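Participant: Produce the entire structure from the sequences given, and follow the hints as far as they go.
Protein chains: 2
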Amino acid sequence: MNPFIKREYDYAIRICAYLAGQKPDKAIPLSRIVKLLAIPKPFATKIAHKLKKADVTATVQGKNGGIYLAKDSKKLSILDILKAMNFDSTLNECIYHHDICPLVGFCHIHNFFRDEERRLLKNFENKKIADLAIKMNDMSKIVNTNT
Amino acid sequence: MNPFIKREYDYAIRICAYLAGQKPDKAIPLSRIVKLLAIPKPFATKIAHKLKKADVTATVQGKNGGIYLAKDSKKLSILDILKAMNFDSTLNECIYHHDICPLVGFCHIHNFFRDEERRLLKNFENKKIADLAIKMNDMSKIVNTNT
DNA sequence: TTAAATATTACCCACACGGTATAATATAAC
DNA sequence: GTTATATTATACCGTGTGGGTAATATTTAA
Numbered sequence: 001m002n003p004f005i006k007r008e009y010d011y012a013i014r015i016c017a018y019l020a021g022q023k024p025d026k027a028i029p030l031s032r033i034v035k036l037l038a039i040p041k042p043f044a045t046k047i048a049h050k051l052k053k054a055d056v057t058a059t060v061q062g063k064n065g066g067i068y069l070a071k072d073s074k075k076l077s078i079l080d081i082l083k084a085m086n087f088d089s090t091l092n093e094c095i096y097h098h099d100i101c102p103l104v105g106f107c108h109i110h111n112f113f114r115d116e117e118r119r120l121l122k123n124f125e126n127k128k129i130a131d132l133a134i135k136m137n138d139m140s141k142i143v144n145t146n147t
Numbered sequence: 001m002n003p004f005i006k007r008e009y010d011y012a013i014r015i016c017a018y019l020a021g022q023k024p025d026k027a028i029p030l031s032r033i034v035k036l037l038a039i040p041k042p043f044a045t046k047i048a049h050k051l052k053k054a055d056v057t058a059t060v061q062g063k064n065g066g067i068y069l070a071k072d073s074k075k076l077s078i079l080d081i082l083k084a085m086n087f088d089s090t091l092n093e094c095i096y097h098h099d100i101c102p103l104v105g106f107c108h109i110h111n112f113f114r115d116e117e118r119r120l121l122k123n124f125e126n127k128k129i130a131d132l133a134i135k136m137n138d139m140s141k142i143v144n145t146n147t
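Heads up: the protein sequence lines correspond to chains F and R, in order.
With my numbering, letter number 75 in the first sequence gets 75, and the count goes up by one each step, no holes.
With my numbering, letter number 39 in the second sequence gets 39, and the count goes up by one each step, no holes.
Each hint should be verified, as a subset may be incorrect.
It does not matter which identical chain is used: a pair holds within one copy or between any two.
Listed next, the in silico DSS-like pairs over lysine-lysine satisfying Cα-Cα at most 27 angstroms (straight line) [as the list claims (entries may be wrong)]:
| no. | residue 1 | residue 2 |
| --- | --- | --- |
| 1 | 83 | 6 |
| 2 | 127 | 46 |
| 3 | 6 | 122 |
| 4 | 74 | 63 |
| 5 | 50 | 71 |
| 6 | 63 | 75 |
Because the hints were derived from the structure by calculation, they are not lab data.
Small disclaimer: the values here were computed from a predicted structure and weren't measured.
Facilitator: As structure tokens, this is what we get:
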């Protein structure tokens with residue numbers, strides 16, 4: 001319940017992690033990725049679109065087309081991907097939405113969560129997608145859930 | 001949007017922080033707290049009830065009654081309060097809900113968020129409500145928003 | 001020309017969160 | 001004993017939004 005990382009964000013990271021484990025610049029059809037990673041295709045379509053708009057990925061249209069990483073996977077951070085997806089989660093709304101708390105300017109609760117969130121986002125920035133790459137030999141371990 | 005700390009949790013922490021700044025064992029009427037901290041009263045009522053059920057606070061009924069901390073504020077952690085409120089947020093649902101990700105057992109994404117969440121909750125455990133206490137002289141700084 | 005891929009837009013639905021309403025119960029003070 | 005002021009308890013509601021679907025257009029290799 002109530003995830004900081006929405007499904008949408010998680011799927012975006014998964015897609016990028018998969019691409020990071022493939023040969024660079026090789027376009028992979030979304031349909032294939034979708035099956036391997038168990039992402040609903042129409043949903044994946046929307047996500048792929050956002051990633052492209054933010055230049056995280058690039059696509060090749062038409063038959064034999066597909067999607068590939070437009071950035072160096074060693075430099076592409078989790079935070080980059082979240083931002084591409086218009087990341088808007090927060091640990092506590094009081095951090096940004098000042099009018100929900102009367103303790104303006106000195107609230108220790110506010111400060112505590114603000115600091116925690118900063119640290120968290122810093123870690124998201126330090127973590128690169130290359131570190132999370134999904135490799136082919138990993139994929140073989142996937143339990144086949146098809147009927 | 002999409003806070004890890006729901007309003008409910010934030011209010012609960014605020015109430016406890018306020019009580020931690022008062023004389024121990026002195027029952028304070030919710031109605032007073034509610035005004036000072038800008039919490040809708042019926043909502044505060046529900047929250048107070050949960051806190052009491054978890055023995056974080058205790059109450060005195062009847063006229064001149066109120067609520068007070070039932071624990072040593074130096075030992076009462078943010079995590080304790082969250083648990084009292086049936087905390088159910090997570091950084092990423094994939095951490096607990098295994099069937100939403102086919103990469104069972106070895107997924108680096110899963111592991112990354114699991115570790116981040118552990119660290120976060122550890123910090124919530126280390127932070128005690130005494131550290132966040134709302135003192136009277138702080139309250140004087142509150143901007144009066146009444147009309 | 002066709003098949004297979006992405007691009008784009010519009011739509012839907014369930015559910016949880018924040019909040020409200022109401023009535024019951026307890027008790028200190030007079 | 002009565003009253004005013006608390007907490008207790010339960011039931012209800014509206015709206016936003018997250019997750020997902022549908023349908024169609026467009027591109028391009030074969």
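Participant: Could you run down the list of hints and mark each one as holding or not?
Facilitator: Now the hints, each set against the structure:
Proximity of residue 83 to residue 6 under the C-alpha cut-off of 27 angstroms is found in both arrangements, the shortest distances being 13 angstroms within a copy and 22 angstroms between copies. For the identical chains of this complex, residue 127 and residue 46 are intra-copy neighbours only, at 24 angstroms inside a copy versus 40 angstroms across copies, given an alpha-carbon limit of 27 angstroms. Within a single copy, residue 6 and residue 122 get their C-alpha atoms as close as 19 angstroms, and across copies as close as 22 angstroms, so both meet the 27 angstroms cut-off. In this assembly of identical chains, the alpha carbons of residue 74 and residue 63 never lie at most 27 angstroms apart, being 30 angstroms within a copy and 65 angstroms across copies at closest.
Taking the shortest alpha-carbon separations for residue 50 and residue 71, only the intra-copy value of 15 angstroms comes in at or below 27 angstroms, while the best inter-copy value is 49 angstroms. For the identical chains of this complex, residue 63 and residue 75 are neighbours neither inside a copy (30 angstroms) nor across copies (64 angstroms), given an alpha-carbon limit of 27 angstroms.
In this structure, the hints that do not hold are numbers 4 and 6, in rising order.
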